[in-house]
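Engineer: Here is what each chain is made of, one letter per residue.
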Amino acid sequence: NAGVTQTPKFQVLKTGQSMTLQCAQDMNHNSMYWYRQDPGMGLRLIYYSASEGTTDKGEVPNGYNVSRLNKREFSLRLESAAPSQTSVYFCASSYRVVQPQHFGDGTRLSIL
Amino acid sequence: GQQLNQSPQSMFIQEGEDVSMNCTSSSIFNTWLWYKQEPGEGPVLLIALYKAGELTSNGRLTAQFGITRKDSFLNISASIPSDVGIYFCAGQNEGGSEKLVFGKGTKLTVNP
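Chains A and B, in that order, are what the protein sequence lines are. Final position of the first sequence in the numbering used here is 112; the numbers increase by one with none missing. Final position of the second sequence in the numbering used here is 224; the numbers increase by one with none missing.
Since the hints were made in silico from the structure, they are not lab data. It is possible that part of the hints are untrue.
Here are the computed lysine-lysine pairs in the DSS-like style, where the Cα-Cα straight-line distance is at most 25 Å [what the hints assert, rightly or not]: (1) Lys-163(B) - Lys-211(B); (2) Lys-57(A) - Lys-211(B); (3) Lys-216(B) - Lys-163(B); (4) Lys-182(B) - Lys-163(B); (5) Lys-182(B) - Lys-216(B); (6) Lys-57(A) - Lys-219(B); (7) Lys-71(A) - Lys-9(A); (8) Lys-211(B) - Lys-71(A); (9) Lys-182(B) - Lys-219(B); (10) Lys-9(A) - Lys-216(B); (11) Lys-182(B) - Lys-211(B); (12) Lys-14(A) - Lys-71(A); (13) Lys-163(B) - Lys-9(A); (14) Lys-57(A) - Lys-71(A).
Could you put the whole structure together from the sequences, leaning on the hints where they help?
Structural biologist: In structure tokens form, the structure reads like this:
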């Protein structure tokens, strides 16, 4: 049982390049989330999907887009990467509202 | 937006000592969660609290949901080197949306 799987684990981009981060969960969860983690800032929500077919903005959505491809998969896209988007990105999922979220191991993204 | 104040920011302790950390909020929460993150990994859920006044243990860890619903604490007894990591609190608000609010973390270092 893999839980939440994120790919890739590491990526280096040049400013202006585009990139899609992939996330898949095998726990039959309805809700999925994307966070970024920066030193001293904790976890900040970028976008989330309460259920298949819906997506909503979180705290820091600018510069990102998401797609809930199906119940298992939720991708995060950077259309034109900027150095300020250098961060560690975490995907999480939960069964439903008011249920604890389970996290993947993160994607470490550097933008030069 | 909502904020959680987590303290202390960091702790340096000797193996065998007890540890206490806490989170406070200006808003009422109906769920409190405590996560631990080790280097290179995603946060892992330690304890979930759903009722004001609830006291829950998980091995050497004990967490409480404050009576006012605006705070929570986590205690670790008889610390060991593998307790090293960053501990995050997270709260979910009265409205019950899927959005968790995270504290900025307490970094724990345990000296053998």
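Engineer: All the hints need checking, so say for each whether the structure fits it.
Structural biologist: We went through each hint and held it up to the structure:
| no. | hint | verdict |
| --- | --- | --- |
| 1 | Lys-163(B) - Lys-211(B) | 18 Å, holds |
| 2 | Lys-57(A) - Lys-211(B) | 10 Å, holds |
| 3 | Lys-216(B) - Lys-163(B) | 23 Å, holds |
| 4 | Lys-182(B) - Lys-163(B) | 12 Å, holds |
| 5 | Lys-182(B) - Lys-216(B) | 16 Å, holds |
| 6 | Lys-57(A) - Lys-219(B) | 29 Å, violated |
| 7 | Lys-71(A) - Lys-9(A) | 22 Å, holds |
| 8 | Lys-211(B) - Lys-71(A) | 18 Å, holds |
| 9 | Lys-182(B) - Lys-219(B) | 22 Å, holds |
| 10 | Lys-9(A) - Lys-216(B) | 23 Å, holds |
| 11 | Lys-182(B) - Lys-211(B) | 17 Å, holds |
| 12 | Lys-14(A) - Lys-71(A) | 32 Å, violated |
| 13 | Lys-163(B) - Lys-9(A) | 37 Å, violated |
| 14 | Lys-57(A) - Lys-71(A) | 18 Å, holds |
Of the hints listed earlier, those the structure fails to meet are numbers 6, 12, 13, in rising order.
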